[in-house]
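**Student:** Protein chains in written order, with this note's numbering: chain C, 1 to 111; chain D, 1 to 116.
Worth double-checking, as some hints may not be accurate.
Computed Cβ-Cβ distance ranges for the label pairs, DEER-style [what the hints assert, rightly or not]: (1) D:I12 <-> C:S53: 31 to 39 Å; (2) C:I74 <-> D:N101: 35 to 43 Å; (3) C:A65 <-> D:L67: 19 to 27 Å; (4) C:H76 <-> D:N77: 39 to 47 Å; (5) C:S41 <-> D:N30: 42 to 50 Å; (6) D:T100 <-> C:K69: 22 to 30 Å; (7) D:D98 <-> C:S28: 31 to 39 Å; (8) C:I74 <-> D:N77: 39 to 47 Å; (9) D:L67 <-> C:S9: 36 to 44 Å.
Sample of chain D residues with no beta-carbon within 10 Å of chain C, all distances over it, derived [as the list claims (entries may be wrong)]: (10) G3; (11) V4; (12) P8; (13) H29; (14) L39; (15) Q41; (16) Q44; (17) Q48; (18) R51; (19) R63; (20) A92; (21) R97; (22) T102; (23) E104; (24) L105; (25) E109.
Chain C regions said to be covered by chain D (calculated; three or more residues, Cβ under 8 Å) [claimed, not checked]: (26) 11–19; (27) 65–79; (28) 85–97.
To be clear, the hints were calculated from the coordinates, so they are not data collected in a lab.
Since this is a predicted model, take the numbers as computed values, not measurements.
Each residue gets a CB set at the ideal place from its N, CA and C atoms; glycine is no exception.
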Amino acid sequence: DAKTTQPNSMESNEEEPVHLPCNHSTISGTDYIHWYRQLPSQGPEYVIHGLTSNVNNRMASLAIAEDRKSSTLILHRATLRDAAVYYCILNGPNTGNQFYFGTGTSLTVIP
Amino acid sequence: ETGVTQSPTHLIKTRGQQVTLRCSSQSGHNTVSWYQQALGQGPQFIFQYYREEENGRGNFPPRFSGLQFPNYSSELNVNALELDDSALYLCASSRHRDSTNTGELFFGEGSRLTVL
């Protein structure tokens, strides 16, 4: 399995930026880095993904290290609605093109 | 909100019984994946269906089986239920991963199974 390592939990103040780290030292050249999040009592939802270059979308930004062994999901201004479990997942031939979720990072947003 | 719908939303079974969970995929999606999520854990991959055939399987015993229908909807069947099968079962639809897309998953809200 292509594995990722994330902190179990993080806290952020509302309206401040949040940087959620992920280590994936065994990533292969064809693995994409995906981020999903799961709000309470809901199924996971797609946030963002990337391969080598940094990526931005309306929800977040993804910063990928030059050696691709780590990445950071950036929420530019945390809101209470961003309180969720965030999962960093590798997806590619090494994973049979399947998504294997770990335990993720539980983000608490403080008003 | 995704277009993935699951039924039933909640159900209670007793040990040894069988259960069938259903999933309707989002329009335009041809692949369905099933996950089991125990309380406090991340979703665990059960299997994926594409073109009505199993297209990948996680570490689950054969008593977990599935079907995909021509309209891309899917069923998850679990035989000989055990207490540890109590969990949230999540269905996710996607377009099949190829050179043009990376197969992002769109999840339903899940079916909560309790085994007594």
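**Student:** Of the hints stated earlier, which fail here?
**Tutor:** 1, 2, 3, 5, 7, 11, 15, 16, 17, 20, 21, 22, 23, 24, 25, 26 and 27
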